[in-house]
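A.B. asks: If you want the building blocks of each chain, they are given just below.
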Amino acid sequence: LAKTTQPISMDSYEGQEVNITCSHNNIATNDYITWYQQFPSQGPRFIIQGYKTKVTNEVASLFIPADRKSSTLSLPRVSLSDTAVYYCLVVNFGNEKLTFGTGTRLTIIP
Amino acid sequence: NAGVMQNPRHLVRRRGQEARLRCSPMKGHSHVYWYRQLPEEGLKFMVYLQKENIIDESGMPKERFSAEFPKEGPSILRIQQVVRGDSAAYFCASSPGQPSTDTQYFGPGTRLTVL
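Chains A and B supply the protein sequences, listed in that same order.
The first sequence begins at 1 in this note's numbering and counts up one residue at a time.
The second sequence begins at 1 in this note's numbering and counts up one residue at a time.
Source of the hints: derived by calculation from the structure; they are not laboratory data.
Hints may contain errors.
What the hints assert, rightly or not - Within a straight-line C-alpha distance of at most 30 Å, the following computed DSSO-like cross-link-like pairs (lysine-lysine) qualify: (1) A:3 to B:44; (2) B:44 to A:54; (3) B:44 to B:27; (4) B:62 to A:97; (5) B:44 to A:97; (6) B:44 to A:69.
Please model the complete structure; the sequences and the hints are all you need to start from.
C.D. replies: Next comes the structure, spelled out in C-alpha cells:
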C-alpha cells in the first residue's frame, strides 16, 4: 500500500484559497488518489478523486503532477464550515481497503 | 436516496457483554466495509463484505469480532465479550462496486463505550 504524508494541521482565513499537499512517493500504476473530509462526530465524506493532471468538481480541485508522487487539494474561498479533517488516500485498483492516515486538521479563522 | 444508515448511534456496554452494530447500505449498493476509529486517529479498515460473502477480513481481530451481510437485512458487526479497548467509533461504508472505481459512502458511525 502506498504511504501518504500530509501536514498535521493548517490554518487559513475565510475567503482565501487553501491548498493541502499530500506526498505519496511509492504510488503504483494502478493507484488512484482520493480525498475525504471529516467533521467531528461524522463519517468521512468523499470530496474528489483523480489519476493524473487536474480534476475539478463543484467543491474542490485536485492537481496531480506528471510523476504522481504528490497531489494538491485546492479549496477555493473557504468558509468557517470548511473546518474539518482532510484525508488523502491512495486507492489501488483491485484492493478494496481504504487506508486513512491522521489527515490534515484545517481550521478556518473568521 | 437515503444515505448509509447505522444504528445505534451510541452504544454503552459493560465489559464482557456483546455489542451488535448494524449498517444499512445505500440503495443499490452491494459492497459494505467496516472501519474503526480511535480518538484523534484515522480510520482503520476492518472487513469488506459483498452480499453474503466476506471478501477481506484482514483488519478484523481474529478473536471476538465477526461480521455478516445477509441476503436480506443490514450488515452486522458483532463484538463478543467487549473490553475497554474496544471503545471507539465504528463506521460503515457502502459502494455499488469496487472502491477504486466506485466511491465509498460512509454512515454517521456508532460510538461504542465500554465501561
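A.B. asks: All hints, please: hold or fail.
C.D. replies: Hint check results:
| no. | hint | result |
| --- | --- | --- |
| 1 | A:3 to B:44 | holds (14 Å) |
| 2 | B:44 to A:54 | holds (29 Å) |
| 3 | B:44 to B:27 | holds (25 Å) |
| 4 | B:62 to A:97 | holds (18 Å) |
| 5 | B:44 to A:97 | holds (9 Å) |
| 6 | B:44 to A:69 | holds (23 Å) |
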